[in-house]
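*Asks:* So the chains spell out like this:
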Amino acid sequence: MFTRRTLIGALGAAVFIAASIPATAEDKVYIPLISKGFQHQFWQAVKAGADKAAAEFNVEVTFEGPDNETMVDRQIDMLSAALAKKPAALGFAALDSQAAIPILKEAQEAGIPVIAFDSGVDSDIPKTTAATDNVAAAALAADKMAELIGGAGKVAVIAHDQTSRTGIDRVDGFVNQMKEKHPGIEVVTVQYGAGDHLKSTEITKSILQANPALKGMFGANEGSAIGVVNGVTEMDRKEIVIIGYDSGTQQLQAIRDGVMAGAITQNPVGIGYETVKAAVAAAKGEEVPTEIDTGFYWFDKSNMDDPEIAAVLYD
Amino acid sequence: MSTAEAAPPPGIAARLFSSGAHQKLLAFASLIALLIGFTLASPNFMQMSNIIAILQATSVNGVLAIGVTLVIITGGIDLSVGTLMTFCSVIAGVVLTYWGLPLPVGIVAAIAAGTLCGLASGTFVAKMKIPPFIATLGMMLMLKGLSLVISGTRPIYFNDTPGFTDISRGSIVETIIPGLPIPNGVLILFIVAIATSYILGRTILGRYTFALGSNEEAVRLSGVNTDAWKMAIYALAGGICGIAGLLIASRLNSAQPALGLGYELEAIAAVVIGGTSLAGGRGTIMGTLIGALIMSVLTNGLRILSVEQEWQTVVTGAIIILAVYADMLRKRRTS
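Protein chains in written order, with our numbering: chain G, 1 to 315; chain Z, 316 to 650.
It should be emphasised that the hints constitute simulated quantities derived from the structure, not laboratory data. Among the clues, some could well be false.
Partial chain Z-side listing against chain G, Cβ under 7 angstroms, derived [stated by the list, open to error]: (1) Ala368; (2) Ala372; (3) Thr468; (4) Pro470; (5) Leu574; (6) Arg618; (7) Ser621; (8) Gln624.
Not close to chain G: a few residues of chain Z, all C-beta gaps over 12 angstroms, as computed [what the hints assert, rightly or not]: (9) Val409; (10) Leu416; (11) Ile422; (12) Phe448; (13) Thr490; (14) Ile519; (15) Glu532; (16) Ala550.
Just so you know, these numbers come straight off a predicted model, no measurement behind them. We put the CB at the ideal spot given by N, CA and C, even for glycine.
Just need the whole structure built from these sequences, with the hints factored in.
*Replies:* What follows is the structure, encoded as C-alpha cells:
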C-alpha cells in the first residue's frame with residue numbers, strides 16, 4: 001500500500017529527476033532571456049534566433065515568458081529567478097515597461113548588463129534595445145492599405161491589446177498615418193481581441209455586420225490577423241482588403257490563397273539573434289549601440305518566396 | 316470530491332484540529348522535500364535573495380488563496396478572486412492617482428471595494444440561490460470588464476503616491492532586524508494568515524464557516540441565519556482580495572487592468588494542495604499557506620534549474636494531482 005513516506009519519496013524523486021534533466025554547464029557564459037511569451041510562433045522564432053546566436057558564440061541561453069501577456073507579476077518573478085542564477089547578462093522584453101524597473105535596478109547593482117528586446121523599457125538601465133520600429137511598420141501597413149483600396153473609404157483595425165507598447169504603437173502608427181497622409185480614408189473602429197483567434201473572429205464579424213461599406217481591415221498581430229481572415233471568410237466578404245502582421249502558417253496560407261493582401265513582417269529571428277549578440281558583447285564589457293533596429297518588411301504573394309523575406313518568415 | 320461526508324459531523328473543534336493535522340504534516344513534508352531537492356540540485360537556489368524572491372512571489376497568490384479558502388470551507392467556490400484583486404487595485408489607482416487622495420484613503424477604498432464585491436457575490440449565492448460557481452463566474456467577468464472600463468484600459472501608475480510601493484516592496488522587518496530584508500508584502504501575507512486563522516478557529520464566524528460546509532441544512536434548521544453568515548464570509552474573502560489587490564499594485568507600482576484571469580485557479584490549486592476539501596467543511600489556513608509556498612517553490616526551483624517552461628507546467632499539474640491523491644488516500648485510510 002501507499003504510505004505517506006512513499007508519496008513524499010516520490011515527490012522528492014520527481015524533483016531529482018527534474019534536476020537531472022538540464023545538465024547545466026556551469027563553465028559556459030549564461031544568458032537568460034525573459035520574454036513576453038513563449039507559446040506563440042513569433043516567440044518561438046525569437047527563441048530560434050537566440051539559440052542560433054548561442055551556438056555561434058558558445059554561450060548558454062534560456063528562454064522563458066509568462067503564459068499570457070497580461071501576467072506582469074509573473075514576468076517579474078521570472079526575472080528574479082533568472083538573477084538568482086547570476087547570469088553574465090540578461091535579455092528582457094518588458095510587458096509593462098515601468099513595473100520591472102526595481103528589479104532591473106537590482107540587476108544593475110549586481111553588474112549584470114540588461115539588453116531589452118522586442119519592446120523598450122522606460123529607463124536607461126538597458127544597454128540597448130533590439131526591436132522593430134512598430135510605429136513605422138504600422139504606418140507602412142497604412143500606406144499599403146491606402147494603395148490597395150484606392151485612397152478612399154472605410155477601414156477597421158483589430159489589435160491585440162491596449163496596454164502593451166506594441167499594441168499602442170501599431171494602432172497609433174496605422175491610425176495616425178491614415179489621418180496625416182490619407183485623408184480620404186476613415187478608420188471607423190479599433191477593437192481589441194487579446195490576440196485570441198476566436199475572439200478576433202467574432203469581433204471581425206460584428207464589425208463587418210455593422211459596416212456594410214467597409215473596404216479594408218488591418219490585424220495588428222498574428223492572432224488578430226487570423227481572426228480577421230476567419231471573420232471575413234465566414235461572412236463571405238471577399239471584397240475586404242486584409243492586411244496582417246507577422247507570419248505563421250495560417251497567415252502565410254491566407255496570403256498564398258489570396259484571402260489576405262499581404263502583411264508586415266518583423267524579423268523575430270533577428271531580434272533573438274541580436275539580443276544574444278549584444279548580451280555577449282555587453283558581458284565582455286564591450287560597447288553596444290544604444291538601439292538595434294531589427295527591421296521590418298512588407299510581403300505579399302509576389303515576394304514572399306524571395307530569399308530575403310523567406311528568411312524572416314516563420315511557420 | 317466524490318467522498319461526500321456521509322458520517323455525521325463530529326464536534327467542530329475536533330474536526331478543525333484533527334482533520335487538518337495530517338494533511339498539514341504531509342504538505343509540510345513535501346515542502347521540505349522540495350526545498351532540500353532544489354538545494355542539492357543547484358547552488359543558486361538556497362540563497363537569501365532567492366528565498367526572499369520566492370516569498371515575494373507567494374505573497375499575492377497566498378493572500379488570494381486564503382480568501383478563497385474561507386469560501387471553499389463553506390462548500391462554495393470563488394472564481395472572482397483574481398479579477399476582484401485587479402478591480403481593487405484599479406480602485407486604489409483611481410483614488411490615489413486620478414483623485415490624488417492620501418495613501419490611507421486608497422488602502423481603505425481598495426479593501427472596502429473588495430468587501431462590497433464579496434458581499435455582492437455572497438448575496439447572489441445566499442439570497443438569490445445562484446450556485447457559487449455561476450455567481451462568482453459572473454462576478455469574475457463583470458469585474459474584469461469594470462476594471463477595464465474604469466481604468467480606460469490603460470495601466471494606472473502610482474508615481475505620485477510616495478510610499479505606495481513600500482506596501483509590498485519595502486521592509487519593516489529589515490529596519491528592526493538588519494540583514495533580514497523580508498519584504499512587507501510577505502509580512503502582510505503572514506499577518507493575513509494569522510488573522511484569518513484566528514477568525515476560523517476562535518470566532519463564531521469561523522465556527523459557522525465550517526458548519527455551513529459540513530451541513531448547511533442542519534445549521535439552518537437549528538435557527539441560525541445561514542444567509543447572513545454566508546454573506547459575511549464572502550465579504551471577508553472579498554476584503555482579503557482587496558489586500559491582494561494592494562499588494563500586486565504596490566509590487567508593480569501600477570494597477571494593471573487586464574491582469575487577473577487565471578489567478579483564481581492558482582489560488583484554488585494552492586488551497587487544495589494545502590488539504591482543504593472542495594466538498595467543504597474542512598480546511599486550514601496553514602495548509603493553504605503551505606500549498607501556496609509549494610507552488611512558488613516549485614516554479615522558482617524549476618526555473619533555477621533551467622527546466623523547459625513547457626515541462627514546468629506539466630510538473631506543476633502533476634504535483635496538484637499527487638497532493639490531492641495523497642489526501643484521498645489518507646482519508647480512505649482513516650475512514
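*Asks:* All the hints need checking, so say for each whether the structure fits it.
*Replies:* Results of checking the hints against the structure:
no.	hint	verdict
1	Ala368	holds (4 angstroms)
2	Ala372	holds (4 angstroms)
3	Thr468	holds (4 angstroms)
4	Pro470	holds (6 angstroms)
5	Leu574	holds (5 angstroms)
6	Arg618	holds (4 angstroms)
7	Ser621	holds (5 angstroms)
8	Gln624	holds (5 angstroms)
9	Val409	holds (16 angstroms)
10	Leu416	holds (21 angstroms)
11	Ile422	holds (19 angstroms)
12	Phe448	holds (23 angstroms)
13	Thr490	holds (18 angstroms)
14	Ile519	holds (34 angstroms)
15	Glu532	holds (35 angstroms)
16	Ala550	holds (25 angstroms)
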